[in-house]
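A.B. asks: Produce the complete structure using the sequences and hints provided.
Keeping their order, the protein sequence lines are chains A and B. Positions 674 to 1204 (the numbering used here) are the ones given, in order, by the first sequence. Positions 674 to 1204 (the numbering used here) are the ones given, in order, by the second sequence.
Just so you know, the hints here were simulated from the structure itself, not pulled from any lab data. It cannot be assumed that every hint is accurate.
[To be verified] Covered, in the sense of this in silico footprint (three residues per stretch, anywhere, with C-beta under 8 Å from a C-beta of chain A), are these stretches of chain B:
no.	region
1	805–811
2	927–938
3	1001–1014
4	1135–1145
[Said to hold, decoys possible] Covered by chain B, per the in silico footprint, the following chain A stretches (three or more residues, Cβ under 8 Å):
no.	region
5	815–821
6	1158–1168
Even for Gly, the Cβ is constructed at its ideal location relative to N, Cα and C.
2 protein chains.
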Amino acid sequence: MSTAEKAVRPVLIDGEWRQAQHEHTFKATDPNKNELLPVEFPVSRWEDCDAALAAATDAARELRQLPKEKIAAFLECYADRIDAAKDSLVAAAFAETGLAKNPRLADVELPRTSNQLRAAADACRTGNWAMATIDTKTGIRSCYESLGPVCVFGPNNFPFAFGSISGGDFAAAIAAGNPVIGKANSSHPETTYLFAKEALEALKESGLPKATVQLIYRTNHADGERMVADPRNGATGYTGSRNAGLQLKTAADRAGKPIYLELSSVNPVVITPKALEERMEQIVTEFTGSVLMGTGQFCTNPGLVMLQKSDVSDAFIKTVSEKFETTASGTLLSPAVAKSLASSVEKLCDFGANLITGGGEPEPDRCAYANTLLVTSAESFLKNPEGFQTEAFGNAALIVIGDDIAELCAAIRQLEGNLTGCIYSATDGSDDQACQALSDELTPKVGRLLNDKMPTGVAVSPAMNHGGPYPATGHPGFTAVGVPASLLRFGKLTSFDNIRPHRLPDLLGDKNPTGNTWRMIDGTWTCEDVS
Amino acid sequence: MSTAEKAVRPVLIDGEWRQAQHEHTFKATDPNKNELLPVEFPVSRWEDCDAALAAATDAARELRQLPKEKIAAFLECYADRIDAAKDSLVAAAFAETGLAKNPRLADVELPRTSNQLRAAADACRTGNWAMATIDTKTGIRSCYESLGPVCVFGPNNFPFAFGSISGGDFAAAIAAGNPVIGKANSSHPETTYLFAKEALEALKESGLPKATVQLIYRTNHADGERMVADPRNGATGYTGSRNAGLQLKTAADRAGKPIYLELSSVNPVVITPKALEERMEQIVTEFTGSVLMGTGQFCTNPGLVMLQKSDVSDAFIKTVSEKFETTASGTLLSPAVAKSLASSVEKLCDFGANLITGGGEPEPDRCAYANTLLVTSAESFLKNPEGFQTEAFGNAALIVIGDDIAELCAAIRQLEGNLTGCIYSATDGSDDQACQALSDELTPKVGRLLNDKMPTGVAVSPAMNHGGPYPATGHPGFTAVGVPASLLRFGKLTSFDNIRPHRLPDLLGDKNPTGNTWRMIDGTWTCEDVS
Chain A
674 MSTAEKAVRP VLIDGEWRQA QHEHTFKATD PNKNELLPVE FPVSRWEDCD AALAAATDAA
734 RELRQLPKEK IAAFLECYAD RIDAAKDSLV AAAFAETGLA KNPRLADVEL PRTSNQLRAA
794 ADACRTGNWA MATIDTKTGI RSCYESLGPV CVFGPNNFPF AFGSISGGDF AAAIAAGNPV
854 IGKANSSHPE TTYLFAKEAL EALKESGLPK ATVQLIYRTN HADGERMVAD PRNGATGYTG
914 SRNAGLQLKT AADRAGKPIY LELSSVNPVV ITPKALEERM EQIVTEFTGS VLMGTGQFCT
974 NPGLVMLQKS DVSDAFIKTV SEKFETTASG TLLSPAVAKS LASSVEKLCD FGANLITGGG
1034 EPEPDRCAYA NTLLVTSAES FLKNPEGFQT EAFGNAALIV IGDDIAELCA AIRQLEGNLT
1094 GCIYSATDGS DDQACQALSD ELTPKVGRLL NDKMPTGVAV SPAMNHGGPY PATGHPGFTA
1154 VGVPASLLRF GKLTSFDNIR PHRLPDLLGD KNPTGNTWRM IDGTWTCEDV S
Chain B
674 MSTAEKAVRP VLIDGEWRQA QHEHTFKATD PNKNELLPVE FPVSRWEDCD AALAAATDAA
734 RELRQLPKEK IAAFLECYAD RIDAAKDSLV AAAFAETGLA KNPRLADVEL PRTSNQLRAA
794 ADACRTGNWA MATIDTKTGI RSCYESLGPV CVFGPNNFPF AFGSISGGDF AAAIAAGNPV
854 IGKANSSHPE TTYLFAKEAL EALKESGLPK ATVQLIYRTN HADGERMVAD PRNGATGYTG
914 SRNAGLQLKT AADRAGKPIY LELSSVNPVV ITPKALEERM EQIVTEFTGS VLMGTGQFCT
974 NPGLVMLQKS DVSDAFIKTV SEKFETTASG TLLSPAVAKS LASSVEKLCD FGANLITGGG
1034 EPEPDRCAYA NTLLVTSAES FLKNPEGFQT EAFGNAALIV IGDDIAELCA AIRQLEGNLT
1094 GCIYSATDGS DDQACQALSD ELTPKVGRLL NDKMPTGVAV SPAMNHGGPY PATGHPGFTA
1154 VGVPASLLRF GKLTSFDNIR PHRLPDLLGD KNPTGNTWRM IDGTWTCEDV S
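C.D. replies: Here's what the structure looks like:
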């Protein structure tokens, strides 16, 4: 590493790599060694946020005037550059997160990231996300339009696919026509820096305003809150811990600024005795695979399993426990994650959960924690539903055992909002009635309902909902994954009433802007021109 | 009036007319006489709210199981009953609001209300609002679904079309499958009571859960805030004053409950000198008609006019002023509205606006205030933009005069979010360049942009956006008017991932549920079955 590179990393503001206005710095940790990495990153003062917001405001204005094609071309150029920079991105992310290079980072998350950008480019180009609606009789036409600079706070667990200037929120905000100010996750700042370098080159190549993508690594809490509430800010995307997210939400709400949060979720999985009788081994494999994959550090990790008291449920617990014990525990993302996991497990034990396997303290020489399984009764759960829904983010799960379906239904009724909920039942339909009762309770609580399938693995598909009722997210009507729906979070609905034809946005002119853009004309979805 | 009817009006909870749990009562005022009306209405204690929420929770569960056809049939039955009860509804509303019986109440607002309910019934029946999305390759299907009991707080200015149990929010919430708890506006409780009677009969006729529609007249502020934040509440619709709305917003936001607010808006109208040179008389007629219609008590009343300094602008002000002076001032909705209008005008004068005509105190013998026109310079406006955007709800307008287009653009840049914004320009396009600059600034600030047309008159059309950036509303992505889009506010996005076919909602089955429901199947909008 050269001397220059050892210096404090610059922030990216208004197309320039600048030394941050800062007093403090921080370093990321290599979780495989529990050691600080060498590079220093600045904790920006408000001056940096202010400069980024000012530049983004001008960029937002310029972006509104540009053909969508240019924005789409940027997203594709950036996607190509990400693919080409795979080796350095994977190396940086591995050093900062401990996530496996292969297949996870290089073969799964990186292609998902660049393909997500390409899907967003398609949505931007056709404008299908914008729900163009034309009423010829009233002379009113409407669509979603850009809403201004978007601040994105990325999480620790997906350095690429949910990264603040590479992930789903970024792709959606840009494709909807907005500049993005990324706030790097403090656990992988170097990875984010490398993305920003590629983004800047892609901006230059595609001729977009240079402040379309900006990067700050960290601020103090007060400045973060000030940013999301700033009059120049259009909206915010946040994925991360509940506490930090709710502080931002309070600030944004007070200022009337949309903020889309993806917070905690325990992702309940209900498994009926008949399902276990029928295919115990398969379900054990699916569950342990899902709960331990990525060391359990997924938003949709199945952290809460609900079973009905029975011999086969006991056998399930025993088999899972053995699998947990014989599977090496993976690396966790950071010392903070390991500490928080140990603290959550301790809390659950304090509330009365039985520790079946795992527990204890994090490992000293790397960020890791024993695979942990806890059990409690539905009766106990019902006495302290809030406590037993403490998220243990990582390789841990709590099993809740109910006497019967009615008691499980009662427990489900006490669940907070979750991203997902699953029901495993007999394939022959013999417990369909119980399933119906469980589904009726579970569906209103979750953003995505699954049958016979674990919740990890969030397909980038138009019908995906990676969202759910509070506190899984801040609003039950939006998804963070799935193009084009995820773009709607970063759009402002605008009606054009009696607007002279030559002043209408391309999307709302008589002529279909691309020949294949879906528009609702007089109640009919069509790709035709207005006749 | 019989003795029974003189007693305190009962609340409607769980299908029963009950005496409210209350300590205090209130009466509405006849604004034409400035006298209290005889009937007493209760100020409910929390017990009533709690009982309504409990009953609504059960109703929400039942509604989820019912075929959409039954909900649609209720809406249509209710619409028919409203049409049949026209005379009594109009009489009650006239007594409580002073709005003209004809054409306003009987010939415009009442048919708009029943037709809006019928449009909502159509949306409910086809499910077109729910954006059914089917990805056959991933096995994921999604749609918007009901989200639970909806509290609706209606405004004073539309006793029918925005009424808490008859208006747009009500129609949208019910059509999306949710029960409604209506909080009557205190200025027209008897009108709301009469609607509730019709609604209850319609519920019985159509076999819907009896707690699908409930009515409370008033609570204290703390209980209102508790209601919108209650875990059993799904979402809230509110139309009314900014202060009360923001208090509810704070409470709902803190609990993570969606709340859709329609607050204040000054609805800027920019008129270029060339437009005035070309068609002064026509624009004066349109403007005075719009600003004085309904005594200016519309959400989209054009309260802020922006002109460029010129002889023709002076002439416009003079002509409008004469029109204001020679037009009898209409009745205002309540003593509170008259008082608030006088106070706003006084504030604007204190900030330095020149009173051209009107002003003074409200009339003593009826709720009325002189038609009022104020003028200020863009220079003054720019020194106190917040102050000069004080909403003067009623028959008043402020004209802002800028030296040139650049100064007007600077003033527009200081505008808060508004429901609407208009630009009047020359029909020959000779000032198109100025228009473009004005549009670029105005569009991001408004929910609906108009050309050559006043903003009053909000068509119930799919492309309508009756919404806008904060503080016009609480979120820039939603509309309160326009079916089916208005229903989305009261829906929860739900994905069904690998769900066994017989367990899918009808809307997401392989077969198109109605034969004419629009669904996005593998990226194509179609009414076909899944092939």
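A.B. asks: Each hint needs a verdict: does it hold in this structure or not?
C.D. replies: Going through the hints against the structure:
1. Under a criterion of three residues with beta carbons nearer than 8 Å to beta carbons of chain A, the stated coverage of the region 805–811 of chain B is upheld, 5 such residues being counted.
2. Counting residues of the region 927–938 of chain B whose beta carbon lies closer than 8 Å to any beta carbon of chain A gives 5, which reaches the threshold of three, so the coverage claim holds.
3. With 0 residues having a beta carbon nearer than 8 Å to a beta carbon of chain A, the region 1001–1014 of chain B misses the requirement of three or more and the stated coverage is violated.
4. Against chain A, the region 1135–1145 of chain B contributes 8 residues with a C-beta closer than 8 Å to a partner C-beta. That satisfies the three-residue criterion, and the hint holds.
5. Chain B is given as covering the region 815–821 of chain A, and this holds because 5 residues of the stretch bring a CB closer than 8 Å to a CB of that chain, at least three being needed.
6. For a cut-off of 8 Å, the count of residues in the region 1158–1168 of chain A with a CB near a CB of chain B stands at 8, and the three-residue condition holds.
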